[in-house]
Each structure stands twice: as structure tokens, then as C-alpha cells.
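K.L.:
Single-letter residue listing:
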Amino acid sequence: MSERPPPGGRKPGSLPGLLAVVAMAAAITLPVVLLSVGGGVSSHEIARLQASGYQIVVSGPGTAGIDLAHQRVVQIGAIPGVGAVSPTLTMPIDLRGPGGRWVPLLAEGIIPSAYYATLGSTASQVFSAPPNLGDPTDMIHYQNGSYEGPVSPDVLINTTLAQDDHLTVGDSVTLAPAANDSGAVTYTVTGTFNVVSSLFSTSGNYGIFLPLSNLQVLTGLARTGPGAGTLLDAADSIHVGLTGTASTSPTQIDRVEAAIHALMPYYGVSTLSQEASQLEGAASILNGFYLVLSSVGLAIGFVFLTLVLVRRVEAERREIGIRRALGLPARSIAATIVARAVVLGGMGALLGVASGVVTVTLLARVGSAPVQAASRLALFEPMQLIALALGALALAGLASAVAVRRALRLPLPEALR
Amino acid sequence: MRFAWDALRRRPARSTVTALGIGLAVALVVLLLAVGSGISSSAGYLASQSGVDLIGVSPGAAPPSTQFPPIAGAHPLAQEIPRADSSVESASPWLLASLLFGNSSLWSHANQSAGGQDIPSGWSPSPGTSIGWIPSANAGITTPLLVNGTGFTYPGDPHYANGSYDGPFTHEIVIDQGLATALGVTVGGLLWASPRSVAGPGEIEGWYANATAFRVVGISEPYYLIPTASLAMFYLSELQSLTGSASAGADYASLILIHLVPGASAGAAQSFLQGRFPGIGFFTLTDILGAIQNEINLYSVFGELVGATGLVVATLFTTTVLLMSVDDRRKEIAILRAIGYPRATVAGYVVEESLLLAAFGLAIGLPLAFLMGVGLNRFLSGFLSGLPSGFAFVRFDPSVAASGLVIVFVLGLVGSIAPILRASWIPVSEELRTP
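Sequence lines, in order, name chains A and B. Residue numbering for the first sequence follows the working numbering, beginning at 1 and increasing consecutively. Residue numbering for the second sequence follows the working numbering, beginning at 1 and increasing consecutively.
Here chain A stands alone, though its shape is the one from the complex (with noise of 0.2 Å):
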């Protein structure tokens, strides 16, 4: 950069080093809001997993991809150590109430002992009392995988459902495969549960519970196949709660992730560790894709602090001059610079963090519906926010750099006449 003095030797203003001041912020905003909005984002996921009250998730292939639910529930729960075994079912089912209008949505279906178990600390969001869905166990609709127990035809539904609908307690509604009466069945409403909201699952927002076996039946996953005898009992997964403090030991959930492996060799079993694990790792390289995108304003707000310096140095060229010919030494002009740039660099960082925290509120507050959600999630961590200020600051001293060069290398009768 060979930049000279501007003509009759005028130093240039403040506005420069201002609008570098507010380059850098601009540059230093965006990361704040991306990792602050995604590290928040990722955190209430990881904290919703670690909230819940089981340790170990199996899962099969595709959708309803666990077969003989039931037995394997007994399976599982005759290892020691394990306290509840919870299948779970979601389908798309139909509802109509007493308006008569058909209202596609998800049933989940559980047992419900085992479900309310295995919710963990949520469970006080989403029920107000343990799910009453007739038999807790599921076992006697079941009865060995016959169905032909006495149904509890017992349904929940969602708070959000319930106003939308008018339906209340005691209320029947009728639940279908598809939207006719096919394969319909008269259900009662026997409670409400909470919606718990997540961005990225549909977990807890299900339209109504109801006990897996009626579920499995009404979807045609109870019993199927070309032989009418076949038993399916399908679900999508399996959660397993520890009891006591096998729950919290990682040597006790390895020992019975180990024996849920040995039986169901072809399932996928992982502990809630692994799964905040990748989680995690996930995490991890959206922050680093957030750092790339963010680099682009950094790289130029690195370039625009350098030229700023360097034309300081050049209107101060007979001040820099006169103090080397006195003998001062090069480390102190040096200590000038840089503590300059150190000071247009952290006013940058500062406000960049300030403006950062600014923009995800206003977010919270005025962007679309997944935005403010979003955005109402974001942690700002004080690490990571001083991390992102010292880079700031670090910038700053490398662009210094060329400036301390420089001021050091200028002639020095040229730059005393």
C-alpha cells in the first residue's frame, strides 16, 4: 500500500477510523446473532433430550419399524437395572368431534404407565395428572398379541385441539384410518395434555394419545401379512428408563445398551449421551459454517482497519519522524500503533456484541413465526462473546501490522523536511 501524506500535510479526520469502528461492529454482529440464535437453538434441543426420563432409545428401520412391541417390552424389562420400557407408535389418523368435521392429525400411541415413566422432568409440562387412558399397561387389550381383550376406547387430546374443536372431557369423538367411517371407532375424551413446544420435533405436539394396541389395530399395524394370523404389534421406537442411580451411571446404561444390542442385534440402540453427543458435533460445524459466513465482513473489516492505520501513519509521518530522530524507540512508536488499532478494534467488538444482542431481540420480536422462536432460544454466552472480541482484537493487532511497518521503515530526512 503506497499511501502518502494528504496534500498541505492535513491529518485526515475522525470519520475513518469511526466508520472502521462501525465496519468492525457490523462484521462482529453477525456472528453474535448466528451463533448465539444456533448455540440456543442447539442447547434447548440438547436440554429437552437431557431432560428426558429415559436413558436408551431403540429404533428400527423406516416407520414403524419395530415389530412384537409388547414382547419386547417384556424383553427389555427383564434386564436388571431397567425400570421403564416405553414403545411408542405415531401414525396420521382422522378425527371428527361433535361438529362433525374430519381433522387429520398424529396420534401417538403409548402404554401409558410406562410413557408417563419415561417423560422425565417434562412430564409435569405436558400432563397435569398421569395420562388416563384406561389399562396402564396395555396388556389387556393385547392379551398376547390376540387383541381381542376388552378395549379401553380412552383418548387424549391436546389443549390446542380442545379449544379449536370445543371439546371437553366426557366429550366422544370418532377416530378413523382414513377420513370415512371405515374402520371408524367412538373414542371418549378422558383428559387434555400440554403442548411442549420444539423447533426440529414433533415430539410432544402429537394431537391425541391413545393406547398403543387400539392404535396398532385402528391403523392395521396389530396384525398383517398375506396369513390373517400374523402378529406385527408395531412401533417406531422404543425408550428405556434406568431406575435409581443406574440412571445416572454411563457403566450401567453401556452394560444394558449392551444387552438391548444382544437381543435386537438388527435394531438401533443408542443412549441419550450419544444422541446429545451428535447433537453436539452437529453443533460444532454449524458453528464453523456460521464463522465462514461471517469472515466474508471480517475479512474486508480487517483490510478497511489496515488502510485506516496506514494513512494515520502517513499524516503522522513528520510526528513519527521527529520522535525516532529523539531517539525514542521503535517499540514504543510501535506500542502507539498498535494500541490505536487495539482501541478501534475493541470499540468494534464492543459495539459488534451490543448490536449483535440488539438485532436477536429485535428478531424475537418482529420476525416471521420460526424466527422469533428461533431467536427467543438464543444464549448469548459471555466465553464465546469474549472469545469473538479478543478475535476481534487479534485482528486489529495483525492489522496493525503493516501499519507499525511503516511508520518504522520511513526515511527519516524525508519525513523531517
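Any given hint could turn out to be false.
A short, non-exhaustive set of chain A residues, derived as facing chain B with CB atoms under 8 Å [stated by the list, open to error]: (1) 27; (2) 33; (3) 66; (4) 94; (5) 97; (6) 102; (7) 177; (8) 182; (9) 185; (10) 189; (11) 193; (12) 307; (13) 410.
Output of the computed footprint for chain B on chain A, the stretches with three or more beta carbons under 8 Å from beta carbons of chain B [claimed, not checked]: (14) 19-25; (15) 103-109; (16) 265-272; (17) 292-299; (18) 362-373.
Please keep in mind that the hints were generated in silico from the structure rather than gathered at the bench. All values derive from a computational prediction rather than experimental measurement. Don't be surprised by glycine CBs; every beta carbon is placed ideally from N, CA and C.
Use these hints to put chain B onto chain A, whose structure you have.
P.N.:
This is chain B only, laid out in the frame that chain A set:
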């Protein structure tokens, strides 16, 4: 323009880094615009290539959600819909399901050993997505291209037999190359399919006992409308038999894909069919593409934020460089003003310099964005096989180039405001007195 050229040539290093800075910002914004254009136009392109004009789903269901209850009475609907509306060329019910598939090698190992002890480690039935359709009802709808075999041989859906489900079970299946490779089967080979899962080697023999055998009559390319590693296609009634909805009262389909005659209005057909078939919800491709656009709103907002930040920084950079340039030429500007050049002319010189810098930025930014776009397109295309030719995740069309041009023009104009003010208000007499 000479004034602007002189200013840039006088400070080549500064001009270069400024153009580079603007170029980086422009490249980022143009790339984001090209990605937006690619996603939007590719979704539209895929939709138009599919031949599907309307999609029928369970009433009340709202795409782009993919989880909704099935539609009952699928086979009659395939006849009734075209009969009811002359603008409908074909109405094709599709049933989607997840099945497991096994080949004859696994079958033979399972039969040779008690409890599956001789089944080699890692051998198990393969999962795949299945489509059940009436092949002849797919007229006008793009289906996966066969690379081997002749495909389904019987007209209609033989096993359905007017709802009795006692017609001949053809046992014919078409699979895609992914599933064929996973199973190691070729045209004419046998495979077994079942909705039942299997937890371990000990259950494989029982799984085969309840699975249904099919003969492969075709191997197809992957299918971009249903991106999956493994895909199998059945006659609708035969897949219904596997999944338990083979009865006249059920006769399920997940979707009904409708192809209209050329020139027919999708909106008009939607309104008519909605009134005629209240038990089905009909959506045009515009409805679905709009819903997809809403779904990606979260990402586009943050993408816009990324682009806006780059532009703000680049504009501030341009402003600063122009301020420096004006400071460098204070005396020249004062002389111009003294000999009668109006402020507007001096302002014009500054704008010219700004636009010239921005144009250099564009010259750097556009090729850079194009190269990054090509790389990104290759990277993303690796995730989805079977895309039709001409499909692109990143698309540089004239509107993207025009947007880049407008952005650069606006950046140049906004970046020159403060320098114009400074140049216009230089104290002429004081500046001329200065040695």
C-alpha cells in the same frame, strides 16, 4: 471519467484492496441470491418436470407436511376424478410405505441354520421405501426411468379385481439401482418383502415365513421425487395387501397425483374437484411451493442478514476510501471550484470514482460467486441422486446478474454520499492559500 481513473491509478494498492473488499461482499450476496434462485427455480423445475399439476391428500391436511392419513377408496377415485373433470388427463393414487426386503441368499442361509446361527455377520433384510401405484394411471406423470427389464407387464391392477382383491397376484416388482445393489438382485431375480421388521438373526426365518416373494421385472434409476437410498414399486393392490388395506372399505392411497390436459388451469381444476370431492384436499403446485417457501423462511432471513452485513461493511469501506481520495485531491478540487466548476460536477467526479470502484468489485465478485456456486452445486448434488438433467441447487440466471448489478450500483451511490458532501464543502480560498 478521467478524474475517476486518475484517482484510482494514483493509489493502485488502495484501489485494488477496495475493489477486492467490494468484490468479496458482492460475491457473497450474489452467491446467496443464486442459491435462493436455485432453490426456488429448481423446486418449480422439479414440479414442472414431474407432470403433476394437482395433489390430492386427506382433507384438512396441509402440505408440505408429509404426515397425513391415507385417502380411502383409491381405485375408484382413479376413474372418478378424470370422469368428473374433463381437464384431468389422469389421476394416479400412490400408496407410500416402509418395507423390509430380503434376497434369496439370506433366505437360504436362514433356512440352513437353526436360529440363524449361520447367517453371516452384517447380513439382514434391507429397508426401503415402497410406492404402490396403478402403472397405467400414471399417464403424463414422470416415473423413474427403467435401465433394465420391461417393467410391469399387466394392464391396470389385476389383483384389485373391482374391489374383491381376489384377482391374480402378479408378484411383480420394480426396484431402483440402490435397492438392487443392496440386495444383489437382477431382473428376473426373486426378493421377499414385508412390513414386519426383524430384530436379529434368530427372527429371520420367521420373517421369511411371513414375507411375500416378488420377481424383479425392472430396475430403475433413482427417483428425485422420492429421494431415498432404496426404492421399490408395486401394483397398488399388492402393496395394499402387504400393508393391510386391501379391502374395498379401506383401499388406501397416501396421495392422488393429478395430471391435467395441456393448457388446463390448475386453479380451476382445484376449485372444481374440491367441490366435487369434499373428502379430499386438493393442492396446486403453487400452493405447495408457497408452503415450502414459508418453511425455509427461517433460513432465508439469516441468509439475508449475512448478505446485508457484507454489503454494509463494503459500503463503509468504499465511503472511507473515497473520503481519503477526496482528502488527497483537496487542492485539485479547490482549483476546479475556483475556475468555475459547480458543486454538482465535482460531486459527479466522486460518484464516477465510486461507481468505477464498485464496477471493479463486480468484476471480481461475479466470477468468484460463480466459482463458489459451481463448487457448492457439486457438493450438494452429491447428496441427492437421480436428479433430472438441468437441475441445479445454485442458479445464475439473468435476474441474479441483474441483482448483482443493482446492488453494486446502489453500493457505489450510497458509499459516495459522505465523500460528495466533503468535496462539495471544501473551503476553496483557504485550501488555495495552503502551501
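K.L.:
Hint by hint, note whether the structure agrees.
P.N.:
Going through the hints against the structure:
no.: 1; hint: 27; verdict: holds (5 Å)
no.: 2; hint: 33; verdict: holds (6 Å)
no.: 3; hint: 66; verdict: holds (6 Å)
no.: 4; hint: 94; verdict: holds (5 Å)
no.: 5; hint: 97; verdict: violated (12 Å)
no.: 6; hint: 102; verdict: holds (6 Å)
no.: 7; hint: 177; verdict: holds (6 Å)
no.: 8; hint: 182; verdict: holds (4 Å)
no.: 9; hint: 185; verdict: violated (14 Å)
no.: 10; hint: 189; verdict: violated (19 Å)
no.: 11; hint: 193; verdict: violated (19 Å)
no.: 12; hint: 307; verdict: holds (6 Å)
no.: 13; hint: 410; verdict: violated (17 Å)
no.: 14; hint: 19-25; verdict: holds (count 4)
no.: 15; hint: 103-109; verdict: holds (count 3)
no.: 16; hint: 265-272; verdict: holds (count 3)
no.: 17; hint: 292-299; verdict: holds (count 5)
no.: 18; hint: 362-373; verdict: holds (count 5)
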